[in-house]
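Keeping their order, the protein sequence lines are chains A and B. Under the numbering used here, the first residue of the first sequence is numbered 1, with each subsequent residue one higher. Under the numbering used here, the first residue of the second sequence is numbered 1, with each subsequent residue one higher.
No lab work stands behind these hints, which were simulated from the structure alone. Cβ atoms here follow ideal geometry from the backbone N, Cα and C, with glycine treated the same way. There may be inaccurate statements among the hints.
[Stated by the list, open to error] Chain B is faced by these chain A residues, among others (derived, beta-carbon under 8 Å): (1) S2; (2) F5; (3) A31; (4) V139; (5) V144; (6) A145; (7) L152; (8) I164.
[Stated by the list, open to error] Restricting the straight-line Cα-Cα distance to at most 27 Å, the calculated cross-link-like pairs of lysine-lysine (DSS-like) are: (9) A:K169 / B:K364; (10) A:K33 / A:K154; (11) A:K59 / B:K189; (12) B:K189 / A:K154; (13) B:K369 / A:K169; (14) A:K154 / B:K111.
[To be verified] Footprint (simulated), chain B over chain A, 3 or more residues, beta carbon under 8 Å: (15) 41–49; (16) 56–62.
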Amino acid sequence: MSEFFEQTIQPHFNFWIYVILMMLGLWAVIAKKNMIKKLIGLSIFQTAIILFYVSIGVKEDATIPILDHHGPEHHEVVHENGEHIEDAETSAHPEEVHEKKGDHSHGDDHGHDDHATDPDTMANPLPHVLMLTAIVVGVATLGVALAICQMLFKEFGTLEEDEILAELKDSASDD
Amino acid sequence: MIDQLPAIMVLAPMFGALMIGLFGQKDHRVCFPIVFTSLIISLGAAIGCANLVTKDGTIDYFMAGWEEPLGIGIQLRIDHLNALVIVLIGVATTLVSFFSIRRVGALDTEKTPHFYILYLLLCTGLYGITITADAFNLFVLVEITSLTSYGLIAMGSSRRGTHAAINYVLMGTIGASFYLLGVGYLYLKTGTLNMHDIQAILQANEEVRNSNAVIIAFLFILMGIWIKMAFFPLHGWLPNAYSYCPSSTACLLAPLMTKISVYVMIRVMISIFGLEWIFIHLGWSHLVVILAVIAIVAGSVLALAQREIKKMLCYLIVAEVGYMVGGAWLSDSNMWGLSGAMYHVLSDALMTLCLFFVAGIWSKCIDAKEIDDLEGVFKKMPITSACFILGALAMIGVPPTSGFFSKFYLIRGGIEGGHWEYVAALLFSSLVNAVLFFRIFEIAFFGKNPPEGHGHDEEHHDDHEDLHPVLEHEVSWRVTIPLIVTAVLIVLLGLFNGPVVEFIREAFPPTSEIVSARP
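Okay, chain A solo, but in the shape it has when bound (with noise of 0.2 Å):
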């Protein structure tokens, strides 16, 4: 059991969290009867894919993708008690850079630059970028599913779906 977690799980744990996530999603927009669940249920399932896309630009012990074009006469690094502290100029995330740094065991100057190119010190932004576009077109089709529901609310006053086919169904023999 405990081999099964170490070999199948734990490497892809985010990838089985995106599974369980989108599968609990999908079973409330086919199981729940009730309009407003099923819409939690397909948030939930487009979340599951945004955590999906997130997992696959993370690397280890990467730092975020900004490129740093300042000039080395522009770095204004200084030692105090053996940690770099820069001006908010150079990195939006002084941390982050130390944290690489240390790793790396680079503790001069000219090793900041050479970060700063280093694809594999960088997380993969493009799968943010789209996921940016994908959370907008999430809540854009939340926004008119609601506004929908709200139509079927004032229409039918019930938002249970077994209970507006059973009116549609009523109002069709009528006819």
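Got chain A sorted already, so can you dock chain B onto it with the hints?
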């Protein structure tokens, strides 16, 4: 200017939508001129692009000059496969916009600008889907079209329409999410989102090509597109959504949405995964053709069971989607099936447009929603009915309409590919179509109970009363002209089937590659 045509084609409707948002709210009269101008600009750009493709071959357009692979990923590509599809979109949307003038007036006028904004955004999405060369942009554009069509369908006054819209939202979003997931797996393996880069990497690297992740990606993408195109077991959202929405919406969505999804499937097959990999490595051809056969038969039988005109047409769409999916997957060595499927995208869009125009006119002018309401309609509305006959004959597949030739190519592909079940299903479906439409002809020509015993005066009186609202309609050229143009286009597309199919076939990879790779 000519270099920018692909961008103009996509952006003109979008700017039109913005303009309506700015000015249309105050004065509804400016809406239609804006819509018409932007659609005509798009149509002109589409025809210009198609013309360029005929002369110079494929056009690659990089948005804002950012070229691949370092670019921002917005590449548009127009080749022989989609040049005719964009012209079709241009023609269909322009014709439907004429049709929509009166319909919008009949709806709540407060919503007129909203309707046109959604309409134009839908056109933007359709053009974008057709010419994009980027797998992720395709997802975004598919969602743009879907979101606008949810809105358009929910705008109807019918309660069933609202319920159909929410079902469509749920199904459509799941479909799009599946597609997105498939693209994610492809990105995971290839590291790019550009369709042609993906294909180059897949062809160069056999290990990647045969990995499970790529097969799963293909499966997810296919499922997503199948849901969007209402392929038979996944068609649940379509009939109600298209039959209970306003007529002009149905005229816009029914011919274009499903057909464009079929085009997307063919595009994904040719431009991302490659036909050789799909037909020879995966070998799912038989399975998919059998699914298509089930779709054709089920769609036809369900259509036969309907009493409402629009619902019947909707189930016919389900059957026609089966034609196209089956045709695309026939994997015959000369690719007649694929050519037939692509040609059928064009011809079926026109046929469906024609029939939905007529159904819209009937339901509006003589309040005929069911087949039985059509008694004696031929006498009252000769032009509309003549166009209906033409559309119906095309659906059945009578020469020289385009429907005959698309079936001809599909059947040729079926025979050469050895898929006799597909050929049988096509013939069966044609027979069912014949039964369906001749039933309507009979009711519409002769009525259920021919009124022979009536006196001459009385009959004349009846006619006069019936004629009055009808004449008003028949002289409304805004409605009849689009209809007549569509009917003429059906015949023209049929007459010029040879050049059209030759044009489409230039997009396919040389047949020898597929044949030689055949076991």
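Practice task
Any hints from earlier that this structure breaks? Give me their numbers in increasing order, please.
Solution key: 1, 2, 3, 4, 12, 16
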